[in-house]
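Read top to bottom, the protein sequences are chains U and D.
Note that the numbering used here gives residue 71 to position 71 of the first sequence, counting from 1, and the numbers run on in steps of one.
Count along the second sequence from 1, then add 86; that gives the number in the numbering used here.
Check the hints yourself; a few may be wrong.
[Said to hold, decoys possible] Listed below are the simulated DSSO-like cross-link pairs for lysine-lysine, each with C-alpha atoms no more than 27 Å apart in a straight line:
1) 373(D) to 66(U)
2) 81(U) to 294(D)
3) 302(D) to 81(U)
4) 373(D) to 58(U)
Worth flagging that the hints you see were computed from the coordinates, not collected in a lab.
Quick caveat, the model's predicted, so the values are computed rather than measured.
Here is what each chain is made of, one letter per residue.
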Amino acid sequence: MKLIVKVDPKRSKDPAGHVSKVLRGAGKKCRVEEVFPGLRDGTSAGLVSVTLPDEPDKKEHRAALKALRDDAAISYVDTPKTRRPS
Amino acid sequence: MARETRTYRLWQHEVKPPKKPDRTVIAKVSADVGAPARTPASSLSAGGRAARAAGVPHDSGLARLIDNGHVSSIKNVFDEGPDETRTLSMFAAGGAGRGPKSHRSPRLVELKVSKGTTPAQLAAHVARMNGVEYAFVPPVREAFARRRRPKAGADPLASRQWSHGAIRLGQARAAAGFKNATNITIAVVDSGIDKTHPDLAATITEYKNFLGGSDKDFVGHGTHVAGIIAAIAGNDLGISGVCGGKILALKVLPRDGQEFDAPAYYRALRYVIGRAQVLNLSLGGEKDPAEIDVLDDVIAAGVVVVAAMGNEYDEGNPIEYPAAIPEVCAVGATNELDRRAGFSNTGRHIDLVAPGVGILSTTPTFNYDGDGEQDFDSWDGTSMATPHVAGAAALLLAKSPGMTPAQVIRKLTSSADRVAGAKKGSASYGGGRLNCEKALR
Chain U
1 MKLIVKVDPK RSKDPAGHVS KVLRGAGKKC RVEEVFPGLR DGTSAGLVSV
51 TLPDEPDKKE HRAALKALRD DAAISYVDTP KTRRPS
Chain D
87 MARETRTYRL WQHEVKPPKK PDRTVIAKVS ADVGAPARTP ASSLSAGGRA
137 ARAAGVPHDS GLARLIDNGH VSSIKNVFDE GPDETRTLSM FAAGGAGRGP
187 KSHRSPRLVE LKVSKGTTPA QLAAHVARMN GVEYAFVPPV REAFARRRRP
237 KAGADPLASR QWSHGAIRLG QARAAAGFKN ATNITIAVVD SGIDKTHPDL
287 AATITEYKNF LGGSDKDFVG HGTHVAGIIA AIAGNDLGIS GVCGGKILAL
337 KVLPRDGQEF DAPAYYRALR YVIGRAQVLN LSLGGEKDPA EIDVLDDVIA
387 AGVVVVAAMG NEYDEGNPIE YPAAIPEVCA VGATNELDRR AGFSNTGRHI
437 DLVAPGVGIL STTPTFNYDG DGEQDFDSWD GTSMATPHVA GAAALLLAKS
487 PGMTPAQVIR KLTSSADRVA GAKKGSASYG GGRLNCEKAL R
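Same shape as in the complex, but just chain U (with noise of 0.2 Å):
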């Protein structure tokens, strides 16, 4: 399951390194990336992609998803969207 978080650069120097303590805590092993690495000026900042493991359990991702939104520097957290041609 992959996901996209954003957090906010005012309240955490390391984005990347903030979403895998948060997902740590809720006891996930995931793939954690800083979308932008090193930016931290602009809207664009902050923004993490995150990569559950596939579990058949609903439940561990849906900890983790808790865990990621009760977090009160992260601003939002979004399955990506796909883009087609138009």
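Position chain D against the provided structure of chain U, taking the given hints into account.
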């Protein structure tokens, strides 16, 4: 995007030498000339036999022309069978009954003029003969349609780009002070571009593949979009683009069946900052907050972002993003009748419309996933309307480099033509159909 099966190929005008007129004289034999006499054929001269076969007396002046070598053959113009020939002769002889008028062919005979004799002189001579009503050298008849020969350097398929007329591009180019967008770069975030296409290659300033793997445009979509914007004009090849600008090609749309990579897409969008002045997004989908954030930075950096309204009018007419982002110029499609294309999404966020049906543009020179043709093809879609507006935005920036994205969009919408009786700001047409001439005034 929807595809048409219409196909165009490059063609070269063939210069053929003018056709020489036939050495022929046509003569009309008088109706009162008698039927050929029943003299045995073996006793006739060559001219006499030929004349009889043509339904005129074997001892007439026409027969003597063959014997004298002025004429090589004589035959009836109307290739009638034996029955009709006999009927013709009977009429000519004032014989039994007159058939229906429509059945009577004029007694025209064709004389093939021998070398050494001038057709005009022979016609004058024959016209004076007894039993001949008139004779003339048949004039050459030509079709009044001529294949248009392109001027040297012109694009041979440009005349099939109806959209350029609709957006009054020719008038804009002819106006004083017009400046091509040669110093403007338009980013095309799409399925890639065929870098080897002869009508595009020289316009591509940079090509970046955000997906990894092959750089090829296997979808053909990006190549088509780029051609509408900037296909090279005046190169004796294919079509011409709207603005003559440079293309920054950013590949993010995968081929059919492969997964879309959202982070790669965001990186491509942001890559435009500092590298292009206009961003063409002939794509769409659901609302995406990360896309909104990234495009906010792109627009703040002075890039005019132009996006397609979408082609799902008949599938619930959903609101598509990024077109629905307020600061993005949202473009719908019109057809050749200046009406909204049936597939083009509507909504209050629409800024303007541009041609998007039967749009001829470049397609990959290699076999790609679509069933379209190679090199050039006509496609439909708001994807095709969007690059017309992106090209117009580039022309505006070439003329007035200091304009902000908001000013460019306002200028394009305020100068657009009202169409189909729709009020400015309608959900179908927005400000109206793009008018480059008025926008650049």
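These are the hints, each one checked on the structure:
Taken as a hint, the residue 373(D) and residue 66(U) pair is honoured in the structure, with Cα atoms around 21 Å apart against an allowance of 27 Å. Simply put, residue 81(U) and residue 294(D) have alpha-carbon atoms about 22 Å apart, close enough for the 27 Å limit, and the pair holds. A distance of roughly 24 Å separates the Cα atoms of residue 302(D) and residue 81(U); the hinted pair therefore holds under the 27 Å criterion. The straight-line distance between the Cα atoms of residue 373(D) and residue 58(U) is roughly 24 Å, inside the 27 Å bound, and the hint therefore holds.
No hint from the list above goes unmet by this structure.
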